[in-house]
Amino acid sequence: MNARRGKPEKAVNGSKAVAVLRLYVAGDAPNSVQAVLNIEAICRDDLGGACDLEIIDVLQHPQRAMAAGVVVTPTLNKDYPLPTAQVVGNLSDKLRVLLAIGIRSPEND
Amino acid sequence: MTPLRSADIAKVARPRIVQPLTKLTTGIEGFDLLSHGGLPRNRTTLLFGGPGAGKTVFALQCLVNAVHHHHASGIFVAFEERASEIIANSAGFDWGLDAIPEKQIYFLDARLSREVVKAGDFDLAGMLAMLTAKKEEIGAQWIVFDGIDVLLSRLQNPAAEVDEIYRIRDWLDDSGLTAIVTTKSEERPHESVQYGFMQFMADCVVRLGRRQEDRVASQLIQMIKYRGSGFAAAEFPLTFGSSGIEVAAGESTSVPGRASTQRLSLGFSDLDSLLGGGVYRGSSTLISGLPGTAKTTLAGRFLEAGCARGERTLFVSYDEGEGQIVRNLASVGIQLKQHVDSGLLHMFSARTDAISPEELFSGLKALIARHRPSCVVIDPLSALARSGSSITARSVASRFVHMVKDSGVTLLVTALSEADDPVAESTTLQISTIADTWIHLSYLVLSGERNRALTIVKSRGTAHSNQVRELVLSKSGLSLTDVYTGGGEVLMGTRRWEKEADLAESRSRMLAGAEIERRAMDHAMARTEAEIKLLQLELEQQRARMEVASSEALALEASSRSRETGLRTKRGNPAGKASTRVRSKSPR
Numbered sequence: 001m002n003a004r005r006g007k008p009e010k011a012v013n014g015s016k017a018v019a020v021l022r023l024y025v026a027g028d029a030p031n032s033v034q035a036v037l038n039i040e041a042i043c044r045d046d047l048g049g050a051c052d053l054e055i056i057d058v059l060q061h062p063q064r065a066m067a068a069g070v071v072v073t074p075t076l077n078k079d080y081p082l083p084t085a086q087v088v089g090n091l092s093d094k095l096r097v098l099l100a101i102g103i104r105s106p107e108n109d
Numbered sequence: 110m111t112p113l114r115s116a117d118i119a120k121v122a123r124p125r126i127v128q129p130l131t132k133l134t135t136g137i138e139g140f141d142l143l144s145h146g147g148l149p150r151n152r153t154t155l156l157f158g159g160p161g162a163g164k165t166v167f168a169l170q171c172l173v174n175a176v177h178h179h180h181a182s183g184i185f186v187a188f189e190e191r192a193s194e195i196i197a198n199s200a201g202f203d204w205g206l207d208a209i210p211e212k213q214i215y216f217l218d219a220r221l222s223r224e225v226v227k228a229g230d231f232d233l234a235g236m237l238a239m240l241t242a243k244k245e246e247i248g249a250q251w252i253v254f255d256g257i258d259v260l261l262s263r264l265q266n267p268a269a270e271v272d273e274i275y276r277i278r279d280w281l282d283d284s285g286l287t288a289i290v291t292t293k294s295e296e297r298p299h300e301s302v303q304y305g306f307m308q309f310m311a312d313c314v315v316r317l318g319r320r321q322e323d324r325v326a327s328q329l330i331q332m333i334k335y336r337g338s339g340f341a342a343a344e345f346p347l348t349f350g351s352s353g354i355e356v357a358a359g360e361s362t363s364v365p366g367r368a369s370t371q372r373l374s375l376g377f378s379d380l381d382s383l384l385g386g387g388v389y390r391g392s393s394t395l396i397s398g399l400p401g402t403a404k405t406t407l408a409g410r411f412l413e414a415g416c417a418r419g420e421r422t423l424f425v426s427y428d429e430g431e432g433q434i435v436r437n438l439a440s441v442g443i444q445l446k447q448h449v450d451s452g453l454l455h456m457f458s459a460r461t462d463a464i465s466p467e468e469l470f471s472g473l474k475a476l477i478a479r480h481r482p483s484c485v486v487i488d489p490l491s492a493l494a495r496s497g498s499s500i501t502a503r504s505v506a507s508r509f510v511h512m513v514k515d516s517g518v519t520l521l522v523t524a525l526s527e528a529d530d531p532v533a534e535s536t537t538l539q540i541s542t543i544a545d546t547w548i549h550l551s552y553l554v555l556s557g558e559r560n561r562a563l564t565i566v567k568s569r570g571t572a573h574s575n576q577v578r579e580l581v582l583s584k585s586g587l588s589l590t591d592v593y594t595g596g597g598e599v600l601m602g603t604r605r606w607e608k609e610a611d612l613a614e615s616r617s618r619m620l621a622g623a624e625i626e627r628r629a630m631d632h633a634m635a636r637t638e639a640e641i642k643l644l645q646l647e648l649e650q651q652r653a654r655m656e657v658a659s660s661e662a663l664a665l666e667a668s669s670r671s672r673e674t675g676l677r678t679k680r681g682n683p684a685g686k687a688s689t690r691v692r693s694k695s696p697r
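For the protein sequence lines, the chains are S and R, in the order given.
Its first residue numbered 1, the first sequence is counted upward by one per residue in my numbering.
Its first residue numbered 110, the second sequence is counted upward by one per residue in my numbering.
With the rest of the complex left out, here is chain R:
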């Protein structure tokens, strides 16, 4: 290496070998999307941010991912913390860092301890020579300078700092390494001496920051510049998950074209038939309503039906614990316990207080990735809005719905409404505009009682009833009842029952009347028949009497004729004359 006077280094313009820009994916999904493909290969990326913004984690995560995904190797130069501390701190992430051999990631402790005495100016020429040697030894493609500002500040000389920055830049150019340099940003970054120069040395500049909303802090990442490349310039939320940093960017801005025509049952046949057979697979359904309107019950039914089809399901609750939900749903005939035991249904309960919506979101994302469900319930999604700003909550809610839909999962979310008016509710999280089906549950108060009412506010691609139905919860489960509409009013509950009873009574009264009439007719007919029998009997008697009478008359005639014959014989009269005379004389 040709020695140069540090003052000269700044002046000498080295011919830079300009290669076309290629990118290396970092393995941090959201970041790769917002940077349109990752970090610039063989070039330098500057990462700046306040303490605890995630600079070290980001840099180390890129390195670990390069090792895992690209079989690359790299050097991690730790200026701020001890290498052993950094390794220990990253044990919480699933990187398997301690399993990575030293020849793949070499940690160089470049911390000048406080005990080191500074006696005059120094430079980094020696360190860079050591790094060159190490790079050759392990064939490194990556290098991380973590917390370079810490060492530079020990120079106590702004001009010397600038010289060293130039030295590092030239070394990086020559080395052809893909580099990440991290530095703390001051409260007023534009006044920091090295800051401007650092930006200059880097082809890609990324800012990590923090934002406080209400009492919830959230972290963010923003791409400041990227030479020769487009990028998404917005601030993106950043969270720490089990895989390290997660960037909530790049949920695709285009809407996927495919759409399933398969209908999924909501596990509630009355409701399915209202929706033309259920909801489409991969669609999102919003159930809104006041507390106690049976939102959770409907959600439970949906998952029970999913499990019964043998599908994996996920129940995320921000209100109640797992046991409580299973018990409560069992009381209305929804049995989830067996599915929890078989592992088909995964229940997850969490508190949402003082957790930023971003953290909840990344937690949900990890949960879905782990359990791979085909049906998901979030009860209630409006819990997202409980902490932090409503704008963040809204963006998280919509990103979440889109993320789930893009992965083909059928989603059912519930939302607690403050007002019993679906239109007022729709503004809270504005999920109703993204949801494909929106079912609103409300109370109708009539004649001193509250009854649950179900309305289908919208259902995309489905003919659906606009009528309000009464939702009845009982031990045997749920049912939807047609309501009576009369005089412009909807009758429910007792009023409906009364109406139904009235109708039943009048029907039975009618039935009874007919019966009486029938009996009377029967009776009349029977009487008539009896009368006919009596008359017949009389007729027969009369007939019999007549027969008797006529036979007596014959007998009488016969006896008188024989007496005449006897007398005529005695007198010797001819038979013919005598008989005629006799007959006329005796009439009988």
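Chain S on its own, in the form it takes in the complex:
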């Protein structure tokens, strides 16, 4: 199964490819806490650690969130590889997260 939009620019699994992910959360609101746990698991298990993940607390940095076009929390922005993508929710639906960020996971083949 291929990426949802366009082809991934590089082979992913085990390679040097790095996904740039930004997760915007609202303090330790339940959905936000959940999302942090979920994305960390995905980075570790599905991307083999090949990801540049930053977690931004909107309560601390509202301006950054606004500039990034974030409306609700939690929101995951995939800034790289292109095209960019946005996922909202606590990321409990792992399959949808992986499809959205366009990175294939070996388990889902």
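Everything labelled a hint here was simulated from the structure, so no lab data went into it.
Hints are supplied without guarantee of correctness; some may be wrong.
[Stated by the list, open to error] Residues of chain S placed beyond 12 Å of chain R at every Cβ, according to the derived structure: (1) V18; (2) V20; (3) G48; (4) D52.
[Unchecked claim] Covered stretches of chain S, as calculated for chain R (at least 3 residues, CB under 8 Å): (5) 58–67; (6) 89–100.
[What the hints assert, rightly or not] Only some residues are given here: those of chain R computed to face chain S with a beta carbon under 10 Å: (7) E224; (8) A228; (9) G229; (10) F231; (11) D232; (12) G235; (13) R263.
In this text, all values refer to a predicted model and were calculated from it rather than measured experimentally.
All C-beta atoms, glycine included, are put in the ideal place defined by N, C-alpha and C.
Guided by the hints, dock chain R onto chain S, whose structure is given.
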């Protein structure tokens, strides 16, 4: 901010800082009146209605007015449309939105595009944190959540929706912002999950709706609830004008006390004198009549007289175009062109088909506000009833007459009557009850011809003639003619002319008779005088003849006496005796 589990939020009763209710005017005149002063300050107003009902316009207009009138600032959170679309769509209104800097109205695009993938539950905690930051930054007093239902529906979870509504409510309470939240109403609003909760969160609930009458759609606004305040609960018509939403409410229910005693000429001296010098300034006059009874002509005269006094006037026509009216009125001696050119007279023509009476009304209102006339003609007002329901038309007509009267404008409206009976006509729009003066024009058909007749049906505060007059139109203008009433009939037109001619003829016949008589007398007198002269002449002749005769006699006597004397001398007789004898012997 203390994080709360969303399930807890619903349970925790936060102490609300209850301030006394104060209101902020919205700048939408009719709405401020129906809500008795505007929206509740520092509280939340819920606006709901179907698509295209004007929710976004209403909310944004309130915000723009707050910026313009109160130097306030606010945040507009757009959930449904892109902020840029909303700004572009409001370019048609005279708000000057693009001139308002971002720090006065901040637009937040809160649209979750369809491309955004939803992977699990989310909440609005982050967005509200961002809004708090923005509010601090620009010092906002207002906030609009436009189309909140769009975002909430993306939760796909009724329980979560309710939680988020509570979250928003609590945030609004804490923030102290004056808020407007708009949401679409479903076909069956009572079944919508969030609807009941939304009503609960708001102190003021306003419904925007649509109504279809005949084939004309009209829009309306209705106040559903207003905590701690009275309001007008009726449905009020709503229209979109150049200033945005206009609400046709609150034309004052009380009748103003002041009344002018100044008489204004109708530009038609015959009619003025029937009305005791004209109509009162600020009064309303209704001219009803069948087509072609010279209603427009009378209306034109009224405005021509107004312009001649140097007053600003407005001619609204729903029948004919401007050029046509000016041309037609010129044919009966009413010159409007010069006044149109000088700008004193503003002519406005419009078609009324398929336009709701409310729209016509708001158009007229804007026109009057713009031109500020002191005399207005609506020709015909009955055009209002052409589309939509007659009930709406009636209410619009009466509101219009009241609105104009309240502003001190002298109004003249014409109404087309279907039947040639003023009583039947009066029911169409029922303006006749509001109008101060009612002039009815009709045709009287007699002896195979139609003549225009004018009756003053009523005229408040004025002694007026009850008699039917004939209205005569000619190149030189209008005139009212006394009619002949004889044998219970009114004579007009040719019949009146005949009657007049008859009278003239008999008068001239009489005159001629007198002349003949006078001449005959002259003649007789002249003859008598001539006879006197002749007799005098004869007398003189006779006198002369007598003189001649007497002088001859003297001469004769003298000669005979001298002859006697001669003879006596010869005979030597004494003079005395001889003469006596001689005289007796000769008689001559």
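Going through the hints against the structure:
1. V18: Given a closest Cβ separation of 21 Å, the condition holds.
2. V20: Correct as stated: the minimum Cβ-Cβ distance to chain R is 17 Å, above 12 Å.
3. G48: holds, 20 Å
4. D52: The claim holds: D52/S sits with its nearest Cβ about 20 Å from chain R, beyond 12 Å.
5. 58–67: Our answer is that it holds, as 6 residues pass the Cβ test (under 8 Å) against chain R, meeting three.
6. 89–100: Our answer is that it holds, as 10 residues pass the Cβ test (under 8 Å) against chain R, meeting three.
7. E224: It holds, given that the least Cβ distance between E224/R and chain S is near 7 Å, below 10 Å.
8. A228: holds, 4 Å
9. G229: holds, 3 Å
10. F231: Holds - the Cβ of F231/R comes within 10 Å of chain S, reaching about 4 Å at its closest.
11. D232: At 5 Å from the nearest chain S Cβ, D232/R passes the 10 Å test, so the hint holds.
12. G235: holds, 3 Å
13. R263: The hint holds - R263/R has a Cβ within 10 Å of chain S, the shortest such distance being about 8 Å.
Violated hints for the displayed structure: none, as all numbered hints are satisfied.
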